[in-house]
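Visitor: As a plain string of letters, each chain reads:
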Amino acid sequence: MLKISGLNSFYGRAHILFDLALEANKGEVVVLLGRNGAGKSTTMKSIIGLVQPSAGSIEFEGKSIERQSPYRIARAGLGYVPEERRIFTDLTVMENLEVGRQPSRDGAPTWTPERLFDLFPNLGRMKDRPGGRMSGGEQQMLTIARTLMGNPRLILLDEPSEGLAPVIVEQMANTIRELKREGLAVLLSEQNLHFSEMVADRAYIVEKGRIRYSGSMADLMRDTEVRAAFLQV
Amino acid sequence: MSVLTVSGLSKSFGGVQAVQDVSFSVSAGELLALIGPNGAGKTTCFNMLNGQLPADAGSVRLGEQSLVGMAPRDIWRLGVGRTFQITATFNSMTVRENVQMALLSHNRGLMRFWKPANLQYRDEAMALLDRVGMTDQAERACGILAYGDLKRVELAVALANNPRLLLMDEPTAGMAPGERLALMELTAKLARAGNIAVLFTEHDMDVVFAHADRIIVLNRGKLIAEGQPAAVRADPEVQKVYLGSGAVFAEAH
Amino acid sequence: MLANIVIQFMNGLAGASSLFLVAAGLSIIFGVSRIVNFAHGSLYMLGIYLAYTFVEFFGRGSILGFWGAVLFGALSVGVIGAVIEIAVLRRIYRAPELFQLLATFALVLIIKDVALYIWGAEDLLGPRAPGLRGAVEILGKRFPQYDLVLIVIGPVVLGLLWLLLNRTRWGTLVRAATQDREMVGALGVNQAWLFTSVFFLGAFLAGLGGAVQLPREPAQLMLDVTTISDAFVIVVVGGMGSIGGAFVAALLIAQIKAFCIGIGDVTVFGIVFSFSKLTLVVEFIVMAIVLVVRPWGLLGKPQGSQRGASTVEPLMLPLNKGFWAITVGLLLALTALPLVGDDFLLVLFIDIAIFAVFAAALHFLMGPAGMVSFGHAAYFGLGCYGAALLFLKLKWPMELALIGSPIVAGIGALVFGWFCVRLSGVYLAMLTLAFAQIAWSVVFQWDAFTGGSNGLIGIWPSAWAKDKTIFYLLAMAICAGCVILLWRVVHAPFGYVLRAGRDSPLRVDAIGIDLRRFQWYGFALAGAVTGLAGGLYTFSKGSISPETLAIPRSVDGLVMVLLGGVQTLTGPVVGAALFTWLQDEIARNTEYWRAILGFTVLAIVLAFPAGVAGFAKIAWTRMRARPEAGGQAA
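Residue numbers (the numbering used here), protein chains in the order written: chain Z, 1 to 233; chain E, 1 to 253; chain Y, 1 to 634.
Quick caveat, the hints were computed from the structure, so don't treat them as lab data.
Simulated DEER-style distance windows between Cβ atoms:
1. Z:Ser-104 x E:Ala-250: 35 to 45 Å
2. Y:Val-292 x E:Arg-108: 25 to 35 Å
3. E:Lys-189 x Z:Arg-133: 32 to 42 Å
4. Z:Ala-229 x E:Gly-227: 29 to 39 Å
5. Y:Pro-318 x E:Ala-234: 52 to 62 Å
6. Y:Ile-457 x E:Asp-123: 56 to 66 Å
7. Y:Arg-422 x Z:Ser-104: 46 to 56 Å
8. Z:Thr-224 x E:Glu-185: 18 to 28 Å
9. Y:Gly-425 x E:Leu-119: 30 to 40 Å
Computed list of chain Z residues with no C-beta within reach of chain Y, every gap over 12 Å:
10. Glu-23
11. Glu-28
12. Asp-223
Quick reminder that beta carbons are idealized off the backbone N, C-alpha and C, glycines included.
Isolated chain Z (complex conformation):
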């Protein structure tokens, strides 16, 4: 579904990604693990077009997207949930969802505000509340719901568990499993290994802009050597 190869990206003048390659398939949850600054976020931003890769190819559903602008990539069925949430704090929950709304698409679940409120019951109770007056956990739910309004086939989740209470992180894991059941592919970046273990099928470890490990999540959890080498746990 998503196939990246030879990806190189710069952030300002700093070279961040070096010949990065990865894949995500339909109905799969794939996690990018690695320390902060390893290049996980830059990978996400390169896929959605917020960072222009200097070389390499990104194919989504067989089409090359690496030279496209973010809105075209999003309209191709790629959803992006940034780290730090970036919800529109002046807009209400309903208006935030409206910004994300795109026409429904073949081969992807179609979302409406009502369906999203089933998935995130909290949001349904605060439809007219401005985003700025919500707690961190609620904002995190909203930012995912907003992206789902675009009816994506694949969703990029950048550090969804960051800064959330453990009990909310558990809810987040349930949400991701729910999305997988709906048939969405998920590519997430994470620091929290426990959380990743709960949701991911496969894992990549990124270090200094290069993929250093790839394999199934279960294998990674068994491989104490790799974990110690790259994740210090």
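Mind docking chains E and Y on chain Z? Use the hints.
Guide: Leaving out everything else, chains E and Y in the frame of chain Z:
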């Protein structure tokens, strides 16, 4: 001996009680973790301690000195160091210059117009960077530093005025699991060596249970639990509102 | 009495409508693009001119013709705005904020000359609105019918805008983009289209504001600058990005102006106090008061920096031996200039030296200290007038008057700066503009003391310095001293505090620094140095006029700094030299020097988004060393 004593601290915003009658204290050399759900009032509480927000009621004392109504910069001069949830450093300066700024301020040498700043307090700055393990990156710009390293810079800056108390707002946010534990280990070591009291907020329970001497739990503006890590962890109410099943953090160390 | 008050109130309401339209457009454009559009006043001016042309075309007499002309005028301006967005601004959304400002300055210059070319320099008065030529009687006083229509237009447009922004998908997207345009794009919204439509709407409102004024005021070439400063004041008083705030502010200011005119001259204890003259500054006084009491404007909110538009300030390196060697070498070369150059060249270089100081001091505030001043000419002018008045009124010799000029300007900067450092960002910039305008109008109106619009003449150097070569060397010495002083201060602890305050005010506070005090002194230092440049300028020209502290002079300074590059210390000096030379060169050869200057600036902006010196620096670092490698960003 208690370094920071907070009692009856309260604050409301537009009729909503954000922090309600919160009392606790931190002793020298002790690491006290403040945890609780998102929106429980941790940040509000923190901002009242460091002078960013005026409290509606209650008292905050550093030793015998009341901090109520003081500006953040005056609180710093009394020996309160701070690190921020999102690092706040001078990005157009090198790591060493960042520490030099704190030293210049501590020594009241800022109102000078001629001699280059980066020639002053070099050795002292390097000594502080040595304590946090950052000497090899001293000449790099803060703007291009890895996040975990920025956190260390903040720690060195916070140590520049020989603090009695460190206030750390989510010190390990945005760091890799291994780095998190390493940073708090370093903090604990420095705190014990320098007899510094540390109050920190944190969402990573691995970090909290590994390094906090004591934990206080805030929910909807009120303290709902206080005590040793094991006791707090076993508290059913804390499990319900905050910890959950425990699936997303490690087993007890 | 009551009738008078009612009529003045109605006048105020009528005056408020156009102001509101222009300010609303400016506010919407700023909200989404974060571009402070200096050319917005020019769009207003085009609105009047175009409406005039359309009226002539459709026929002056017909009602349909008149309102058709108003509508077509406004629509044409809307299209012009969209074209500007597509052709120029779209290419620089990722450039630093100040650079975008420079591009819109360039547009001001170009539009002014285009208007001069098409419509000529004469004022053009449009017809009165057909069918609304008469007056109605209110409490026994006559009130023009057309003004009643104007009174209605403001609230109607406010209502329509509210519906558009709050009840349509387009409006929701606009409000979202105001907060985080990058995220809006990542959610599948075509930003390019959204931005163009916002510019169309904003320009349309400016054009409409102009077009409806056709029966009330003549179309003329000065409207761009006067309108933009009015519109800035209203947007700032109302609160950046708040349409409702703009409406309230427009009403408030129009009312106060109307009452000042209505009151006229009042004699208190035998002193004639002219309220009507106060109209020139009253809005700026209102703005200064509002900003000090409510720093984000009446209905505004603190401006978070918008996501997806930030730039990281680069590392500032210490001044090394090589740098000083080049500086000294250059100065020695300049000392030899009189051996090869004629007097004209010397005069040009004196100008360059003076403006290099002006630009370096402005840069000191804008760059390292992060405080953008839109009214830096105030301190230049204070220095000019300080020196001139000390020389003429107190009969001080040149040497003493030159010492006095930075003191006068420094005191002025201390007073103005006390207010300014309470604000930051665009608000600070606007307040500096307000103070410059106040200083200007005091000088302009105080005939007895400052010579009013005629200025002061006969201020010549002492006998020993009369020779052009000597004066040139004197000017060079003083200017080089000033620039070097500023460079040293930037690298001294004091300058580091200012830079630290720009990078992270939160951290500055957390390490025990009273930033505001440092910023205040920094303001005064920059003002004093600029004042010295002003003093030199006075003695080099022998005469001065209020133009020395007018808005265009402030704008010149900004252009110099931005041209040279705000991120380098040498930038402002390079920019001043380039600008002064260009202006001299072009002005001698064509009537349309502004447009040529504007196009040059635009070309530079589009080609070197880091400024000329900044570009050279980047090229240099790329040439000699590879930038730091390794993965360092998230």
